[in-house]
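*Asks:* Keeping their order, the protein sequence lines are chains A and B. With full-length UniProt numbering applied, the first sequence closes on residue 395, and no number is skipped along the way. With full-length UniProt numbering applied, the second sequence closes on residue 370, and no number is skipped along the way.
Warning: the hint list may mix true and false statements.
Stated by the list, open to error - With beta-carbon atoms standing in for the labels, derived distance ranges:
| # | chain 1 | residue 1 | chain 2 | residue 2 | range |
| --- | --- | --- | --- | --- | --- |
| 1 | B | ILE96 | A | ASP314 | 52 to 60 Å |
| 2 | B | ILE96 | A | GLN280 | 35 to 43 Å |
| 3 | A | GLU11 | B | ILE96 | 33 to 41 Å |
| 4 | B | GLU40 | A | GLU266 | 53 to 61 Å |
Don't read these hints as lab results, they were simulated from the structure. Note that the structure is predicted; figures quoted are calculated from it, not measured. For every residue, glycine included, the Cβ atom is placed at its ideal position computed from N, Cα and C.
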Amino acid sequence: MDFEFTPEQVELRAELEGFVDERLPPWWGSGIFGEHQDGFIPATVEFCKEMAERGWLTMSWPSEYGGLDSDLWSQMVLREVMWGRGEPRGPQYMNLNYIGPMIMRFGSEEQKARHLPAMARGEVLWTQGFSEPGAGSDLASLSTRAEDRGDHFVVNGQKIWNSYAAAPADWCLLLVRTNPDAPKHRGISVLLVDMTTTGVTVRPIESMAGYGEINEIFFDDVVVPRENLVGEQDQGWPMIVFGLSFERTGIANHARALATIQRLVEYVRKTEVDGRPLAQDPHVRTAIARLYCDYRAARLTSYRIVSMVENGQDPQAEASIAWVYGTRAAQNAAVAGMEIIGPRAQLGTSEHTAPVSGLIAREWLETIPWSIVVGTVDIQRSIIAQRGLGMPKAS
Amino acid sequence: MDLMLTAEQAELQNTARRYAERNLAFQHEPGAAPARPAIETMRAMAELGWTSLGIPEDEHGAGGGVLELCLVLEELGRVGAITPLASTATVVLPMIAARVNGSDPRLREAADGTLIATLGLLDDGARDEWESSAALCARRDGDGWLVDGRIGLVPWAVSAGLVALRCELDEAGPALVLLPTDRSGVVVTAQEAIGPEPRASVSLAGVRISGDDVLASGPDGAELVVSTRDIATVLQTAWAVGAAEAALGLSVEYAKQREQFGRAIATYQAVSHRCADMRMGIDALRLMIWETAWAIDHGRSEVVELVASTKAFADDVFGLTIVNAHQVHGAIGYSMEYPLQHYTRILKTAQLELGGPGRQLERIAIRLGL
């Protein structure tokens, strides 16, 4: 048992922090979504190319696919630095974190050769086609249809909540139903779809946090060559489970919470109320200290997953616990921060009088979906009850 | 970074679990044999090496530290065992920290399981154990001191031969003092409290303190009081997290068996999600305890905020566990014929003692630069 990073990992953190802080544009603020929609995607692409030049973009990947074979804790350091700074890899954290690893694990040699090097160079944007208007928490009930026509599939249907599809994304990791007669988990396949294919239409959805990071994708007789099928036909569900487990653990929400806590500490120390620093208000002190407790719970439950994986174990309920604590820490920090700031917490980032540059309001807007994406917190609770406590499914 | 127990730690945990289940489990059935005297349990635990944990091997101890003690204590909590192991450790560990020689008879007897020791921090008039100004004041008398006062809610004081107290010594400053309970002027009176572990008040009337009783004084004394209180806090939380685990286990089993409206109540998410919330809280708290214990054992500078946040978080988790476990059980959990009450009483005690969330959150705030 050891609760300390190695000197090499500590050094890596300092190096990464220096690198990121030097490169982020002055308007970056807390990241992550495109309030500066015109500049956001190009900034992340530029950033990823520079990361790639240093080998850091695919640090977690095996060397045979252009990675550094880095240890799991160095990857955690990288995640913490990135998510503590608004994830400047932007859309590409998805490629690196789970779309790439899914192709490595289940893809053909041809697919690996075609897609992995481009991801490793930071030159390609991917989106994911999972949710549908009728398939959210019950993802396996998805109905986007891919008809088998021998050397190709014809795809018809609609996906929704597709991150960065309008960035524009070059490729989509798409879940489709290839066998409508099989039980719902056994008729799903995974396709890699070129987003420039005829019949693919993207419609951006404006979210509470701004424009462009979530979308709908319509598929109208879209032809996808058979060589773009990942793994076996109808055998997509285990791949999705694999991918989702990466997604749940690849986002360092605790680092994001810590960044908000640090902003709040700075704010209450320099802000005076009735001639006294706000930092002396007992309620404010208590509220911020509580955030530190949430942060620690999130950090340690997240670290436990890394330790389990490192020891060859398969975290399931543990991954759900970490995800719930991570989202809770990030959300609580934003909510407490707004309460501490008071009415001016609602001012937007363009208001020059906005406290903390309006970043706490941004954080509140951006963290609302965290308890919904990757399985809602209530789905996570059910996973914990079933897999962690052996309780029966709801009947 | 590695959050897994070492092979040795896992072995200790397994041994403790097996032994505790067989020999120390709380018996709630009416007519169950009365618990054996605490000192007999201590002797049995001494044979397992648990009373020597935290004493270095070259001082004839079992090695290990606060983390190893936490592992054992959680197992004791898990079966609802009421033993003076933690209480005695809160005296043994500061003796080691103060470099008391391994052959000191008090240390030897504690390690052999023939001496129960305890720590009293709740001075009369103090709101809690963290109040700094309320220490007993001892006046100079020849080459020693005389002290009057009263300490409340001292664990195991009725069975203890030795009690550690914080004192303000005239001319020598703040100190941690070890007093034999048979010293003239010391009166121990059992107190009725809601928890299952015994509590007593310790009254001091003109009690003489000699230099040999003083473990450390002055700045060293002040520091030793702080680190002792930190250790006591972590050990009690570790024991209580075991009780929380037991309350969760009882809840899950009950929910699977209990049928209402034609199905097991575990199939209702209103019930299973209460259990999932307990699972989450207990898991996170256990990791916090381990990290904090590790930091104490390694003399890390962040111990203050780690202890404080562990205790503040424990307050939330224990509160949630008390409410959720009782809700899942319904009326049966309220009955003395069912064991749940034993565990939720332990949790309530652990919430109240050694600094509630208000105290701990303020300590965190200071460390965050507020």
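*Asks:* Each hint needs a verdict: does it hold in this structure or not?
*Replies:* Evaluated hints:
no., hint, in the structure
1, B:ILE96 to A:ASP314: 52 to 60 Å, "violated (40 Å)"
2, B:ILE96 to A:GLN280: 35 to 43 Å, "holds (39 Å)"
3, A:GLU11 to B:ILE96: 33 to 41 Å, "holds (35 Å)"
4, B:GLU40 to A:GLU266: 53 to 61 Å, "holds (57 Å)"
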